[in-house]
Amino acid sequence: DQQVKQNSPSLSVQEGRISILNCDYTNSMFDYFLWYKKYPAEGPTFLISISSIKDKNEDGRFTVFLNKSAKHLSLHIVPSQPGDSAVYFCAASHPNTGNQFYFGTGTSLTVIP
Amino acid sequence: SQTIHQWPATLVQPVGSPLSLECTVEGTSNPNLYWYRQAAGRGLQLLFYSVGIGQISSEVPQNLSASRPQDRQFILSSKKLLLSDSGFYLCAWSRAPRTEAFFGQGTRLTVV
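Chains A and B are the protein sequences, given in the same order. Reading the first sequence from the start, the letters are residues -5 to 107 in this note's numbering. Reading the second sequence from the start, the letters are residues 27 to 138 in this note's numbering.
Just chain B, same shape as in the assembly (with noise of 0.2 Å):
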């Protein structure tokens, strides 16, 4: 079975520090690969999508970048967090575009 993993579940970073969020994807190849944040009283936003390695794509601009190293492997990244970065991201994947997602546990990200 297919199993996401995404860490740390909390995390309180300054402001102007970078950031670092990893996910992994167990159990499937080739996933198509999500971040998402929900920011206080939002929907979810989706920030990056992926469809292979290397390939990234970006929905809204923002001081956030997303890296996949690996094919199952998606990492959300900043070099200088801002006190609006705070929010609940989410990790997920999905088999094909336009299909249902798995989601992560989430990282609880407030930036202080």
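Extracted from the complex, chain A is given alone in its bound form (with noise of 0.2 Å):
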């Protein structure tokens, strides 16, 4: 049973645009989430949090939008950077999970020169 889901496997953005990848979740305890970022053959590396009593949080390029009546959190990266192409992963985690946190599918991002 897939908690958090990514709908698009993929995207493609020129340089310069704006990159916008999106997340759904299905459990409204959820309060805490982040996301990852990984290159092939590499690890994810964090990238940046959100809790739930916020509903926008930014660093840099980078900016996290969570929507808690819609169950749905966005990362919109600006402007889009050929260094970003990787895949992008949403998880979320709730006050009874303990050490887990449940992971996305991931979205590959491509960002064309």
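Take every hint as true, because none was put in to throw you off.
Okay, the calculated beta carbon distance ranges per label pair:
| no. | chain 1 | residue 1 | chain 2 | residue 2 | range |
| --- | --- | --- | --- | --- | --- |
| 1 | A | Ser68 | B | Gly42 | 43 to 49 Å |
| 2 | B | Pro40 | A | Arg11 | 44 to 50 Å |
| 3 | B | Ser91 | A | Pro89 | 26 to 32 Å |
| 4 | B | Pro40 | A | His70 | 42 to 48 Å |
Honestly, the hints are just simulated from the structure, not real lab data. A quick note: this is a predicted structure, and the numbers were derived from the prediction, not measured. By construction, the Cβ of each residue, glycine as well, lies at the ideal position given by its N, Cα and C atoms.
Combine the two chains into a complex, taking the hints into account.
In structure tokens:
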């Protein structure tokens, strides 16, 4: 049962434009969300997080938006750069899951120079 | 700075053979340690986590086991591999529960 879903397996964006990666979840108890970035043959690296007490968190070119009523979060990358080409995973947890983060299946972003 | 080492990077093993994947963390003490698996077309699935030496929690029933013989060492094992054990295995650590994790390079395991 996939509680965190990334319905777009891939996304292509022109360099300099905005990349928007989406993530939906089914469990309303999720209250903490992470985004990871993964290059081929490497482990994922942490990118940005957001707690459910906020609806937006920014870190440089990366902004994560959380819509709790829609159970939806999105990662915006502005402006997109070729080095952003990677697979992006969202992950969610809730207070009762302890160490468990539920991951989506990932979206492969390609930024075209 | 903290680093995490995981080896080997790739492994091809016959069905029924044993498995041992090792992970070590440097530059921190008493980390939370994790083993994840990513099967084809799936998200990362937490297999085991450990909050201290000898303390292992399993998230899913399976053919695998984990051990933490030292503070910064985490081992994933199997006595007899199944075809369904194929996948990409990732070791990770975090400073505390429900915080961002730092992942190793991963091991691509193919059971044939």
